[in-house]
Every structure is written in structure tokens, then in C-alpha cells.
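Protein chains in written order, with our numbering: chain A, 1 to 118; chain B, 1001 to 1846.
If you are wondering where the hints come from, they were derived from the structure by calculation, not from laboratory data.
Computed beta-carbon distance windows for the label pairs: (1) B/LEU1708 with A/VAL40: 22 to 32 Å; (2) A/VAL70 with B/LEU1616: 58 to 68 Å; (3) A/ALA66 with B/GLY1246: 49 to 59 Å; (4) B/MET1055 with A/MET56: 50 to 60 Å; (5) A/MET56 with B/VAL1843: 20 to 30 Å; (6) A/MET56 with B/MET1150: 47 to 57 Å.
Chain B side only, calculated, beta carbon under 8 Å to chain A, not exhaustive: (7) GLY1300; (8) VAL1303; (9) PHE1311; (10) LEU1329; (11) ALA1337; (12) THR1693.
What the simulated footprint calls covered on chain A by chain B, stretch by stretch (three residues with Cβ under 8 Å from a Cβ of chain B suffice, anywhere in the stretch; the number is not a length): (13) 14 to 21; (14) 26 to 33; (15) 36 to 44; (16) 88 to 94; (17) 97 to 108.
No experiment lies behind these values; they were computed from the predicted model shown.
Backbone N, C-alpha and C define an ideal beta-carbon position, used for all residues, glycine too.
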Amino acid sequence: MSITMQRLHLTHPLHFVIGLTLWCIWFVAVYGGHAIACSVAPPAPEQGVFTLVNAMLLVVSIAAIALLAVLTVGCCRMARRHEGRLRFNATVSAGLYLFSTLSVVFAAMPIIGIPPCL
Amino acid sequence: MTTINREATPEGDNIAGPNQLHSDLHDIWGNPRGLKALTIVNHTTLGLRFMVTGMAFFLLGGLLAMLVRTQLALPDQDFMSPDIYSQVTTMHGTVMMFLFAIPMLEGLAIYMIPKMIGARDLVCPRLTSLGYWCYLFGGIILSFSLILEMAPNSGWFMYTPLSGSEYSPGLGSDFWLLGITFVEISALSAGVELVVSILRTRTQGMALHKMPLFAWYILAMALMIVVGFPPLILGSILLELERAVGMPFFEVTGGGDPILWQHLFWLFGHPEVYIIFLPAAGIVSTLIPVFAGRPIVGYGWVVFAITVTGFISFGLWVHHMFTVGIPQLAQAFFSAASMLVAVPTAIQVFVWLATLWLGKPKMKLPMLWIMGFLIIFVCGGLTGVMLALVPFNWQVHDTHFVVAHMHYVLVGGMFFPLIAGLYYWLPLFSGRMPSETLGKWGFWLTFLGFNGTFLIMHWTGLLGMPRRVYSYETGMGWDIFNLLSSMSSFIMSAGIAMVLLDFALHFRFGKPAKHNPWNADTLEWANSMPPSAYNFVSLPKIDTRHPLWDDPDLPRTMAEGQHSLAVATHGRREMWGTDPLTGKVREIIHLPGNSWWPLFAAMALAVVCLSLLTRLYPLAGIAVVVAGLFLLRWSWENGAHPKAAPDAEVAPGDPPLHSRTMDGPGLWAMSITLLANGSFFLSYLFGWFYLWTVSPEWRMPETSPLSLVGLILAGVALTAGVGILEKLVRGLRQGKDAGLAVGMYCISALGFVQVAITLWVLLSADLAVTETSHDAIIMVGLAYALLHGGLGAVLTLLQGLRVGYGYVGAHAPFEPAVVAQWWRYNLVTFWILVGALAVLPRVIGS
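Just need the whole structure built from these sequences, with the hints factored in.
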């Protein structure tokens, strides 16, 4: 248990990969969920972007953005508290969380502009 | 194990002088000659073999490229028939990607990584050897198809249905599928051991943030291989099963879907581009600081960029499929992700430029190639961003514009840095310097020839010239461009020939190099030139990113044995096992010596490959069993075995041997192997759910053909086995081994019970595997479970025997922990299979 907690600490290099792993999970969830929704229950084209599919994809994206943003702030704070190796780890992790957050924002933008199943 | 008949003092002090130490270490690590040279497992020798073989395949791929350009030089040419042209273009792409680019960079990493991180070898030397033989045999088998005029001709991406048995009835596709899968064993072997070596064998004090950037790049590349190759392996197995047996995974009428192949291929294929680019960028990040004479600007930024590239590159694969008809919103996701990957690449370019700007660059020969790389790769990157835009992508899809972009990225992004790296490390390989004159001629001819060939292709592409078409009519406006392109390609060939001539001649005529001729900062230059088989007489403690700049005397003190592990009297091949984060020493890793088993196993696998190719299935089955026996015999010579480390004695104050701990590198190697296995399994699940959801003719029966009771009983046996194994491993952690052998036999028996029940479920299901993809994919899933269950049972049986021989126990507790990982993985995947194949269809229905 203590080893697990140690690894979850924001100065652990495991955080180099957690943010981008979350990005990947979000990406697969949105792409896969969208494909299944369009296959099982495609909304009428005249609904435009105001569909349940777009709404669900947007909710999932906002949740991912919020989680990643919190982790970004956490790593930034932790970087200021440490020196040397731990500071390096937290700084790089903060950058990677920030990039992951912005990546979700950027890749999710089409959800508010493109109908889902055309 | 070699015996040295000289004693160390009881205090562990080294009583031998430097020369005696060299001699002792050479006795232990040195390479045999003659026929026994085939048993060599040393990373320096095998790295060189990889690179030399890679260059041979590069010449073959280059020759094929020249044939293509000759055919396209003029309109209406009949230099080659359409079928031969298709074979030549397919094999050009295949050879360059699978037999040159990846093995060449792996070879460089295999050669360089231990030297850069202050180790004496890679952590699984026999795996390096197996990887090399699989690469060589697979490459030869695949290339042989050209001589037989039976080469694959469906393009290097092997799209179905073109590559299926209906449109490609010959053996061409089989050569590709079986040969490439064979070669991929090599890539995965190298991937696993490079990851573990970088994480666990860095010299004392080399914490993660002090690691050379090249090691970061190779770490990312190796992890990407581990995760990225299995989808293609799965795709190849499914397609070969479709071709050989008729299981309709990609045939619409049988409930399959040809687009599934594209997904599986590009799930591998796009990360592949970055698997090739990252090590090349690692060369650039290594060379630029050396020639600028200052540390790289933004080490942390580069680590950031490497990590981002490694992940984002897995989210781009659909941009190769923008024209297959997926919804616009999905295309927009992948378009955005494709643009995102430009960010980390741009960060690296700015870091390199800033380092050059703030340093005092010396324009030596390697730097010429780096400058060429910067120019060409930035252009290729920009056209990549253009291709990420869906409307533009539609416009130039399947035209020569894409061919031009691809070559700007791959040749600019891989070949130019590779040649820069080879020129840079040439003095290390041989102790001699290359010719500046020949090298400069080679560079300029290659650079001008390359741009003349491929810059022009952007225009022919924009004018509408399609790729993969063997000829074109005059009057389309493409004639002069193609002629110029073809002429330039021959200029480029002349340049490359000059470079290769320089490489060859320098071994004899090159000026002797002084030590560390470029004034580099990394540890590989602390080696002798050329390096010894053991790399370093003693292993230093490192507390800086630039060990040779901060302590120029380090090579001398290392060679004099003034640092750690300068003892050879035990006769073992030893190096440090260190903490992956801090670089603190944890244990002494003892490595196996030269061995025939990797060669024998690879030969048996080659027989499997050839017999599948010729449809001699009984022979293939026998060869599989033989290969398995060779591999198990190989695994027998580990731990406390007389040929490994029967005597666990270490010098006072030194940590224990890894086989006497519970956290040796084998545990890490198993974890990384299971990561690859997990990627394969997830790809399989993707295939199952993809066909279920998307395939237009998918047919699922009203009731599942699988016995749920049977599967649950099998799962209970498996779960019980894991429970007992966990208890035994916990006991070993506490130093208790009572009942270990009996426990292992019980677990093995439970494993065989699981296999027997699963087999019964499979046979009683009466699957029509050649009629519906539903039944075919269930068959593959259960075969996966059977293979894993069977192997788990055999491994625990062997553990029981090893306890009896005294190779495993409280004194050597390591191996059961490794086997337990396999069982845990088996447990998780089995229950997921039960849920996906037997429970979900009952819950959701068809």
C-alpha cells in the first residue's frame, strides 16, 4: 500500500505517463463511443449538433479536462516545493498534464460544431 | 561460467593490476571464434551484426527503388510488367520499413545503450541473439520470394481484400504475413530488453534525470515497439488464417470486414513512423550538443516532447483512412490529433536550434548530415500538417504527393540522422576516422539527389499523378518531372554509394582516431576504441549528465579498475542492477554466457515459418514443439543452475546476486513482455467488438455456442492455481519454502485442468469457423486461452522440478515470482474472455 501511495505522489515519474494515458483513454472512449452511438442509434441529420451523442461526448470531454487541469495545478505546486530530481519529475509531469489538458480541449472542439453521424 | 584460478582477497580488494583485470574479464566475456561464433550473445557483436545485416537489406531496398524510378522515368515504359512492378514497390516499402529501418536503429541501440549507461551488456543477452537470428532468417525468407518471382504485390500495407486469397491466390501474401511476423519476434525481443536494460542497469548514481537523452529516446521507442507491434501481429495471424484455412475475418459475406485490417495495420503503422523517427531524433539530440560544445538547451523539454510523441502517435492512425467513409466528426478527432503531434516535434526543432545558436557549432562531417536532416525533416513535417487537414488529404490521397511527404519524413527524419550517427560513432566502432572529402561528396550528392527526386514528386502529385500505378500516358504534364525525378534518384544513389565506400575504406585507410575524437560528454567514449567485449573494467558512480566533460580523467580511472565491480575471480558476467528512478545500486546482475539455444530456437521457428508457407501443417506442429523445447531448455540454465550462478558469494559490502532477490530484471522483462501480450489481447478484443458492432453481415447465433458452466469451471481451476501460487510467493518473500515443490506440482495440475476444460468447451461448441467470422474469432480467443493456460502449467511444472534440483527455493526465490506474473495475467485475460465471448452475448444478444 505504501509503495502504491509513493507512486501516486506527484513527484513520481509515473506521472510522466498518467496524463497522456488519460488522454488516450478519453480519445478511445470518445471515438469508440461515437462509433457505437452512430451504429446503434444514429440521430436524425436535421438535428445538427444538438444531439444526445454530442452532449454525451461533451460531458465526457469536460470531465477529462477538469481532471487533467487539477493534476496540472497539483504538479506545478509540488514542483515549487522540491529541488533536484523531484522538482524535475514534477515539472515535466506538470507540462505533460497541461499538454494533455489542452489536447483534450483541441481535439474535442469539433464536438460543438459537427453533427455526429454524417 | 568461466573459472578464473586466482583468488580475490577476503576483503574483496582487487589484487590484480589493470592488465590482469583486462585479461580476466576477457576470459569471461570474450567472443569465441569459428563455428562457436554463432553462440555469441554479446551486445557489441550482435549490435554490429544487426547493423551490417540492416545495411545489406538497405542495398536490396535501394536497388528496388532504382527499378521503380527507372520504370517511371518515361511514359508508357514496359521495363517491368505490372505484376513485377507491384512486387517491386511492395517489397521496396516492406524491406525498407521492416528489414532496414527498425532493425538498423535497434542494432544501433543494442550496440550503444549499455555503453552509454555504463553497463557491460544488455540485460537479456540470449534474447538479443534470438532476435538477431529471427531477423536474419525472416528477412532471408521474405527476400527469397523476389527470386522466385512470388513476392507480395498488394502494397506494403497489404490491404484486404486485395491481399486475400481471392485476389492474391499465390504465395506472395503468405511470404509477407509469415516473414514479417517472424521478423517482428526480433523487434519485440529488442523492445523488451532495451526497456529493462535502460530502467534497471544504469550505472550507480545515474538517476532518471541524469540519463543521456539518447537513452530516453530509445526507452520511448522500445515501449512503442512493445505496444505498437502486437496489433499487426494479430492482423497478420488473422489474415493468414483466412488465407490458409478460410476463416472469414475480413470477408464481408462471412461476417468479416476488410476495414478491420486497415485499423489493425495502422494501429501499428502510424506509431511505426515515430518508432523510426524517435531514435533518429535521439542521435540528433546527442550530436548537436557535442558539436555545439555546450549542454542541450531544455533537457526537460526534450523529455517532455519524447513522452508526448510516444503517446500522441498512437492516436493518429485513422488519418491514413480518411477516404474509407468514416463519419466527419470522427475524422475531425483524428485530424486534430494529427496536428497535435507537430507540437512536440516543433519543440525539439527549437531546442536543437537554440543549442546551436547558443553554442559554437563545428561543422564537421556528422553535422552536415544533421543540417540536411533539419531542412528536409521540417519540410516533411509541414506537408504532414497539410495532410492532417481532411479536405486536403482527400484531394491528394493516393497521389505522389503522399509519396513525397512520406520520403521527406522517413529519409529526412531517419536516414540523414542515421548517417550522421554512423559517422559520429565510426571512430568508436573501428578506432579510425572517416574521410572528410569522400564524406562531403557523399553528403552533397545525397542531399541534392534526394531533393531532386522527391521535391518534384510534390508537384506531380498535385498534378494528379497516382501512386502504385506502373506506368502513365504521355501528355499528362508529368513527363519532364518524372524524368528529372528519376535522374535525381540516381544522383542520390551515387551519393549513398560514396558514403558506403567511405565506411568500407575507413576500416583500412582511415586515420587512427585519438581517444574521444569529438570531445563528447557521454560514457560510450570511455570505452577502448574499438570496444572490448565487457565495455568497462570498472563501473563508475555518475552524478552528472555530462560525465566526460566534468571528469575527463574518467576513462583512465575506469580502465585502471578504480571503480566498482572490478573483480573477475568469480567467473561470472556481472554488472549493476540499479533502482530505475534514483540509480542506487540494488543488486548484482549476473548474465548468461554464450549459448546455442537462441540459434536452435530461431532455426526451429524458421522451419515453422517455411512449413506454414508450404502448407506442411504436421511439420509446422512438430517444429513448434521443438522450438518450445529449445526455449524451455534455455530457461533451464538460469538462477542457481551450474551454468548460471551456483555460488552466490559476493564481495563484502556488495549487494546480493539478482537471482537471490525477489526483484531481478527477469521480473521486469516478464512485465514488459506481458505489456506486449496485453496489447495483442486488447487488439483481439477490439477486433471482436468491431466486427460485432460494425460488420455489415455479422451473424451472431441466438444462443452462445460456448458452455458457460464449462468456462466458469475452467476459470475456477485457474483462480485456485493463482491463489496457491500467490501464497507460495508470499512465503518465499519471508524466506519460507516448505512444500514449495508439491505446491508447484498442484498448481501445474490445476493449470492442466483449466486447459482440459477449456478444450472441451471449444470442441463441444461445434464452431463453423470457415463460415462465420463470429465462430472464427471465438476460436482464436479460446486458442489464446489454451496457449496461455498450457504454458502456465508447463512453467510451474518446471518450477517444481527446479525446486527438486535445488535451483529454486528460499536461497534462490526469484523465479516463482516471475511465473506468478504470467498466471496473474492469464487469470485476468481468461475472465475477460469469458465475459466478452460467453456472458455479454447472452446479456445483450445479437
